[in-house]
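Listed below, chain by chain, are the residues.
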Amino acid sequence: MDTYISKCVDKMKPSGIRAFFELVLGMDDVISLGVGEPDFVTSWPVREAGIYSLEQGFTSYTSNKGLYKLRLGLNRFLKKNYGLDYSPDEEILITVGVSEGVDLALRAIMNPGDKVIIPAPSYVSYGPVTELAGGIPVFIDTRKDNFRLTPSALEKALDKNTKALLLNYPVNPTGVSYSRKELDAIKKVALKHKLLCITDEVYGALTYDFDHTPFATLPGAKEKTLYLDGFSKSYAMTGWRIGFACGPKEIIAAMTKIHQYTIMCVSITSQMAACEALQTGHASVEEMKREYRRRRELIVDGLNRIGLECRKPQGAFYAFPSIRSTGMCSLDFCKKLLQEHKVAIVPGTAFGDELLDRVRISYASSYEDLKEALARMEIFLKTISPGGKRGK
Amino acid sequence: MDEILEILEKNARVPLEDIAKMTGRKIGAVKKAVAKYEKDGIIIGYKTVINKELVKDDNAAVRALIEVNIAPQKDVGFDKLSERIYSFPEVSSCYLVSGTFDLLLIVEGKDMHTAAKFVAEKLSPLEGVKGTVTHFLLRKYKENGVVLKYKEENKRIAISY
Numbered sequence: 001m002d003t004y005i006s007k008c009v010d011k012m013k014p015s016g017i018r019a020f021f022e023l024v025l026g027m028d029d030v031i032s033l034g035v036g037e038p039d040f041v042t043s044w045p046v047r048e049a050g051i052y053s054l055e056q057g058f059t060s061y062t063s064n065k066g067l068y069k070l071r072l073g074l075n076r077f078l079k080k081n082y083g084l085d086y087s088p089d090e091e092i093l094i095t096v097g098v099s100e101g102v103d104l105a106l107r108a109i110m111n112p113g114d115k116v117i118i119p120a121p122s123y124v125s126y127g128p129v130t131e132l133a134g135g136i137p138v139f140i141d142t143r144k145d146n147f148r149l150t151p152s153a154l155e156k157a158l159d160k161n162t163k164a165l166l167l168n169y170p171v172n173p174t175g176v177s178y179s180r181k182e183l184d185a186i187k188k189v190a191l192k193h194k195l196l197c198i199t200d201e202v203y204g205a206l207t208y209d210f211d212h213t214p215f216a217t218l219p220g221a222k223e224k225t226l227y228l229d230g231f232s233k234s235y236a237m238t239g240w241r242i243g244f245a246c247g248p249k250e251i252i253a254a255m256t257k258i259h260q261y262t263i264m265c266v267s268i269t270s271q272m273a274a275c276e277a278l279q280t281g282h283a284s285v286e287e288m289k290r291e292y293r294r295r296r297e298l299i300v301d302g303l304n305r306i307g308l309e310c311r312k313p314q315g316a317f318y319a320f321p322s323i324r325s326t327g328m329c330s331l332d333f334c335k336k337l338l339q340e341h342k343v344a345i346v347p348g349t350a351f352g353d354e355l356l357d358r359v360r361i362s363y364a365s366s367y368e369d370l371k372e373a374l375a376r377m378e379i380f381l382k383t384i385s386p387g388g389k390r391g392k
Numbered sequence: 001m002d003e004i005l006e007i008l009e010k011n012a013r014v015p016l017e018d019i020a021k022m023t024g025r026k027i028g029a030v031k032k033a034v035a036k037y038e039k040d041g042i043i044i045g046y047k048t049v050i051n052k053e054l055v056k057d058d059n060a061a062v063r064a065l066i067e068v069n070i071a072p073q074k075d076v077g078f079d080k081l082s083e084r085i086y087s088f089p090e091v092s093s094c095y096l097v098s099g100t101f102d103l104l105l106i107v108e109g110k111d112m113h114t115a116a117k118f119v120a121e122k123l124s125p126l127e128g129v130k131g132t133v134t135h136f137l138l139r140k141y142k143e144n145g146v147v148l149k150y151k152e153e154n155k156r157i158a159i160s161y
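Chains as they are written, first to last, in the numbering used here: chain A, 1 to 392; chain B, 1 to 161.
I should point out that these hints are in silico values taken from the structure, not numbers from a laboratory. If a hint is listed, it holds; no wrong ones were tucked in.
So the derived list for chain A, only partly shown, Cβ under 10 Å to chain B, looks like this:
1) 20
2) 24
3) 36
4) 37
5) 41
6) 125
7) 208
8) 291
9) 351
10) 364
Idealized CB from N, CA, C, for every residue including glycine.
Pulled out of the complex, with its shape left as it was, chain B reads as follows (with noise of 0.2 Å):
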């Protein structure tokens, strides 16, 4: 992957003045590199991490992993059912799996009553879903390559030579 995705897809806030410098290239040349990359939907979007555990609010959403069986239907396969399901904005992800079930989800919603009515009333009764296996997320300790911790103190000496 280029050097300027791997930079970007670490932390969006980097200044292409210095992304020219890290990478040693032109800043002309970045950030036409950078709009064509946005233009291509390769970079398809820039979103903050959030450690939510530590925002205080009462409206904190809840997350459910969702392991769906689904049939495959003739000649779209997985495909159109799929978009029925990933269309419900309570969905934030969609995967198409290999293993014991086909789907997976994330839904988010504001409490554990809001997912599991999502599943009960709008994911099981679809025509083509076998069945499903809902898992409420405990506890976040990783997400997308960030540790959702404190920042951890520095253990070097002031000064060495």
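One chain only, chain A, in its complex shape (with noise of 0.2 Å):
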């Protein structure tokens, strides 16, 4: 035997960019616009419910499908928000976050061969996760279509062997997200070829321009859809990790089954601080939205204005330029940018080998380090482009 680990994991590539995080992270004084978190911390109310529920001795397991209070809580918190009507007793779970709901997703439909479609770039963990449950991931490039999924797209990528359509939107990396009318083509399209669709909606409450529409709330896409969501963006709660699964009951049963035998069930003190942000988070999830938009128009005038082309981003917290005016490879200039300028930004490559001319620029940061990490990178692009030519 030449190794222990399975083919499986053996053939999975580790980040490319692992090394660039190690560097970041053995640096002081670095202004970080690489973070994935909001910059707020959890709100007062929801971490004393956390902290209450302890000194209650709320210490032990939860039923596998996670606390009733909190699958009912959603269950009105769906059907007020969005008229989503998910039966707390069967057709809810609740999950380690979004990332264990797409991994539970996936191992609980996949048959070797089976294909997920995936629009690229994507979330780093779809692709492993699904080779990691058997099936195939399918990506499709949507550079030439403004990094959105078009209709037309999808039909091209589908085969007899295609199962599921995984979605993600608003987008990270590229804050990308749909307006309802060009869900409902892309619905069009997975309802005529049967796929499931898994929707990973974890950013939706931070949609800016207009407002975010579950996938599930289009006509006819409820039972064929798995809806993802959690309180990780929206209620700056990334590390108590939990997240819910809705969707027809024989899915969240199969993921159920996978879920008490490997995680067996969130913890008890995050699901009660959950149960809490439901029931007054909402001013400050307002209030969050409100001072990442203002974040939003200062870094994509910004970028613009120093002559890195960037879109509009319609949710999450990131700005996605483009660098080809530099002439640089994406983990070249954010080498570079980090050793000479001290700023620290992702590289398109970390979300698919050819997005070399991209960068990840996170707004979840103050709006004076945004205004500062601006200041720096256009003295940086000066440096690196005298007179507007392509530098070495």
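Two chains, two frames, a set of hints: combine them into the complex.
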């Protein structure tokens, strides 16, 4: 035996930019726009609810599906906000963030050789997790469509082995989101080919120019949709690791089987805190959104001004500008920017080998830091391309 | 409450251009709204919140909360006597409250002695003032929604997906 490691894991590609991440973590005084989580802490009432539950001695397991109180809270929340009615008994599962939800969903539905369509660039876990589940990820390159999935591109990517569409919106890393009309067109193709639509809507509450449309609210879509969401981004609760899956009961039941053997249940403290977030979190979501919107304007205007072409993202807290004008590849660009000007951003290649001319800039940082980072980037751009010509 | 007021109440120095971006309104509309709020007296002023404990200044003021019992007067109730009291420059805030006393004052003076003198010589002798209880402020933890302490350090890891 050469190795104890399974073939699947052995051939899984480690993230190509881990060395870059290590470099960032080893440096002091860096302005980091490389962070994939809110810069707000969880609101105090939510933290207090977690503390109080500990004081009260809530330290046990919960039902595999999650506290009934929380599932009921979600049922009411989704009904009130989106008119979506999921049974707390059979159609809701509390997960360890959306990450676990994606893993459970894929493991619950994949047979060897089944294909999952993933619009690229995508969040980093989708491809590897699909392979771990025995499936084949089929990436649709959305670059020529301004990073948007179109119905025709979806239609073209399908074959008889395609089982599901894994759709994230607003998208990490591009900030793209879809209007109801666009989603409806995508839905029509998906329904025609009987695809299961697994939607990662964790940034849904952070949609700026129009209202977020949960996929399951589209006419006829609910029975074919597995809706994944969480508390991480909307309530600034990343470290609590809590999310939820809603969908047809047979799929939720299958996911619950895996969940009960692998995870058992989400930490009860996090579940108690999440109940409070549903009750009182609305004001803090609105306030955060307002602040992100202001930062979005600053960063998008700023990037375009200094010569990095950037479209306005509709959601999440990422800008995804092109660095083509510099002639550099994204990893070199990010390394140099970090080493010479102490600004950390994420190379596009972290989200797909083909994204050599893109970088992800998170605007989940203070307004002052964003201003300073833009000023440093402007100086950096001048040094690498004097007179606007291509630098070395 | 209008979003513009919510934003300004938190931070009066947010530029109007930024408020326009945050609320998705036109800059002209924001300017107009703020001007109207100022004209109508809805926005009364813009102040800076200073954590005086960190200011090295020998003239730092002391503050006292003073409970005052007063006798209401015919026709005007508490209003007339309240006006006499809150007109003293030492009184920075004055509230009529329910409960075991009537007025709650916040009084500022350069030291405890000055504040005590105000109570003994100005406030208590007023006709209609039946009694006072003075609480000197020892430490401020939070004021007007602002927690008074050093900035917290960032607990996030510097880079993540």
